[in-house]
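Top line first, the protein sequences correspond to chains W and L.
Residue numbers for the first sequence follow the working numbering, so the first one is 979 and each next one is one higher.
Residue numbers for the second sequence follow the working numbering, so the first one is 346 and each next one is one higher.
Simulated from the structure, these hints should not be mistaken for laboratory data.
Check before you lean on any hint, since a few could be wrong.
[Said to hold, decoys possible] If you anchor each label on the Cβ, the simulated ranges turn out as follows:
(1) 1070/W x 649/L: 42 to 48 Å
(2) 568/L x 1119/W: 54 to 60 Å
(3) 536/L x 1260/W: 37 to 43 Å
(4) 1036/W x 545/L: 57 to 63 Å
(5) 1114/W x 640/L: 56 to 62 Å
(6) 1037/W x 521/L: 57 to 63 Å
(7) 636/L x 1237/W: 34 to 40 Å
(8) 554/L x 1050/W: 43 to 49 Å
(9) 386/L x 1070/W: 40 to 46 Å
(10) 1040/W x 392/L: 54 to 60 Å
(11) 1237/W x 545/L: 41 to 47 Å
(12) 1129/W x 649/L: 52 to 58 Å
(13) 1050/W x 531/L: 55 to 61 Å
Using N, Cα and C, we set each Cβ at its ideal position, and we do this for glycine too.
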Amino acid sequence: MTFTYFLELLINGALTGLMYSLVALGIVLIYKSAGVPNLAQGAMVMLAAYLAWMFTTMMGIPLYVSIALSVVAMFLFGLLAERVLLRRMVGQPIIMIVMLTLGLEIFLRGLAPGVLGSSPKSLELGIGLAPLIVGDIFINRAYLVGAIVALVLIGLSLLFFRTHLGTKLRAVSDDHISSWSVGISVERAIGISWGLAGISAVAAGVLWGSVQGVDWTLSSLLFPAIAVVILGGLDSIWGVLVGGLIVGILGSVIPGVLDPIVGGGTRNVVTSLVILLTILVRPHGIFGREDIERV
Amino acid sequence: MFYRLSGVHHTRYQSARQLWPIPADRRIVWGLLALALLGPLILSDLYLSSYALPWLVWTAAALSLTLLMGVAGQLHFGFAAVMAIGAYTSIHIVRAGWPFEIALIGAGLTTAVIGCVFGAAALRVKGLYLVMATLAMQYLVDWVIINVPAISGGAQATLQTPDVRFLFVPLESDISLYYGALLWTVIVTVFVLNIKRTSFGRALVAVRDKDYAASIIGVNSFKYKLLAFFTSSFLGGVSGAILAFCYYQAVTPEQFGFNVSIQLVAMVLVGGLGSVVGAYLGAGFVLLAPIFLTNFVAFLSNQGLLDVSTNLLSHIPLMAYGALIIGFLLFEPLGLAKIYDNIRNYFLVWPFRHSRS
Chain W
979 MTFTYFLELL INGALTGLMY SLVALGIVLI YKSAGVPNLA QGAMVMLAAY
1029 LAWMFTTMMG IPLYVSIALS VVAMFLFGLL AERVLLRRMV GQPIIMIVML
1079 TLGLEIFLRG LAPGVLGSSP KSLELGIGLA PLIVGDIFIN RAYLVGAIVA
1129 LVLIGLSLLF FRTHLGTKLR AVSDDHISSW SVGISVERAI GISWGLAGIS
1179 AVAAGVLWGS VQGVDWTLSS LLFPAIAVVI LGGLDSIWGV LVGGLIVGIL
1229 GSVIPGVLDP IVGGGTRNVV TSLVILLTIL VRPHGIFGRE DIERV
Chain L
346 MFYRLSGVHH TRYQSARQLW PIPADRRIVW GLLALALLGP LILSDLYLSS
396 YALPWLVWTA AALSLTLLMG VAGQLHFGFA AVMAIGAYTS IHIVRAGWPF
446 EIALIGAGLT TAVIGCVFGA AALRVKGLYL VMATLAMQYL VDWVIINVPA
496 ISGGAQATLQ TPDVRFLFVP LESDISLYYG ALLWTVIVTV FVLNIKRTSF
546 GRALVAVRDK DYAASIIGVN SFKYKLLAFF TSSFLGGVSG AILAFCYYQA
596 VTPEQFGFNV SIQLVAMVLV GGLGSVVGAY LGAGFVLLAP IFLTNFVAFL
646 SNQGLLDVST NLLSHIPLMA YGALIIGFLL FEPLGLAKIY DNIRNYFLVW
696 PFRHSRS
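Please model the complete structure; the sequences and the hints are all you need to start from.
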């Protein structure tokens, strides 16, 4: 393997990893405030992509307007999901909450392709297919745009947690009861975090939809996103950035070396191993907060 | 009235401690068993082999999982991989020329040993992290099965199950397959019912409720967590083998994918965690409700009453199944077993309103 090929795998892997971070960001936003692991984030990404496709292709609305419409729709969807489903589950054991989000995932995976058609659809963003050539290295232009959007959104989330509303959300993530006692509406804060996760799902859905087409397979982005959040720490925005880079690079370089030898499919294995090793060595991830359990 | 309690006086501990102390319960159980034994006479071949048989086998699998998730409290999102190990092991043992009975036991033991590796994660983490760890192992097992030709018989291959005889009866006709599945399900049912009454079962419950507290009163929580994984994987592995031999009769890795794991967890949760009745009801509900709903909608659209595209129709099972999980978790978190229990409690004291338990 030449050094250039290695570098190409490295850079494209890092860019893909940043696009995984885009999916993972939604999971972290929700976990940080509500303590709920949202396994429906992959399906929300798919739903957002379907919505954007529906607005542009079926209704003929210009791209940027339809993205704005999808943002509004997904924000409302997030609020609705929290109000109707998750709020009733407060205080239930974690298995119930995990299964509820999985149920939502399965339901959305049936609903969106069922109503809007299951064949893959293309979502044209006008990025262009020609790779960017730097020296001898080919860089995928769509991934580059995705990575930049991911960096911008991660930066915005970091800034957001310094605003007035963001401070409230941080307080909620620390302790629900003391937040209530100082007059913060915990319900509204959690609802907003679901809405924000919906918005990040639009970014992820539109970008991934333009890369690999809009169909139900977008929901399987959940798996690398889980690896990203477990590795980075479930409640850390920085963790999303670092975890995304690591998962992306490992998921690109290792299959690049091993796939010709063992015959394909090692990317999922790398992702699984990242999850397993993180959990066995450091369950709370690189930047996550370690929960101390009291008897 | 139906569950008459008057006149039921237990004068010996033995009779008070039996599985079903109330005679009406016993009668119901014997009645259901008789119905199950007469199944081939009552049901047509189609219903027998495509509804009753899978229901029984999936019930056995759900019972194995409920032992782990409900009784021992260890979450497991990779149980389909456990069943896959059992299915593939049993086929390879039979192909190597050993009898089917030994293949089943061998499949169970192999699965139990590998299942303990899943459990190793449980020794360190619990709750959400255990879910993620077992989910990752599901993908690893899938990948190993697909990519090792010695196991799967090459990529994209389908492995036919050889013809076997169980206790000198050839497993060929629909009826013998049905009885084979029924026998295994009854064995698992009796096992899980009784395990709750042993010291082993009580230790598992103690570990489930609080593992620290269990250690303090002298229950070795490491040992019992691993034993829970061992036992449940053994049962799951044999169930996987029975599923392969009695129902699918050919195995591919896709039959044991991640979605199947979710389906099993859904069966356990819809039925009610840790409940034996719940495993039966949950398996039946999760398997059959989406099919019946789809058939119903297809019937309506054939009659011209409802305009449904074929695309939407093909996605109805998925939607129904997701909505089912959400609905049960929201409105009856204790599952179908709780609904059954409510009805039973109502009839226990029938003309009156309130029962003590």
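Status of each hint after checking the structure:
For residue 1070/W and residue 649/L, the hinted distance range of 42 to 48 Å is satisfied, since their beta carbons lie about 44 Å from each other. Hint check: residue 568/L to residue 1119/W, Cβ distance near 56 Å, so the stated range 54 to 60 Å holds. A beta carbon spacing of about 38 Å between residue 536/L and residue 1260/W agrees with the range 37 to 43 Å that was offered as a hint. Roughly 59 Å separates the CB atoms of residue 1036/W and residue 545/L, a value that falls within the hinted 57 to 63 Å.
A hinted range of 56 to 62 Å holds for the C-beta pair residue 1114/W and residue 640/L, which are about 59 Å apart. Against the hinted window of 57 to 63 Å, the Cβ-Cβ separation of residue 1037/W and residue 521/L comes to about 58 Å, which satisfies the hint. Taking 34 to 40 Å as the suggested C-beta distance range, the pair residue 636/L and residue 1237/W conforms, at roughly 39 Å. Residue 554/L and residue 1050/W have their C-beta atoms about 46 Å apart, which keeps the hinted 43 to 49 Å range intact.
Residue 386/L and residue 1070/W have their C-beta atoms about 44 Å apart, which keeps the hinted 40 to 46 Å range intact. The hinted range of 54 to 60 Å is satisfied by residue 1040/W and residue 392/L, whose Cβ atoms lie roughly 55 Å apart. Between residue 1237/W and residue 545/L, the C-beta spacing of about 46 Å keeps the proposed range 41 to 47 Å intact. Separated by about 55 Å at the C-beta atoms, residue 1129/W and residue 649/L satisfy the suggested range of 52 to 58 Å.
Remark: the range hint 55 to 61 Å for residue 1050/W to residue 531/L is upheld by a beta-carbon distance near 56 Å.
The structure meets every hint from the earlier list without exception.
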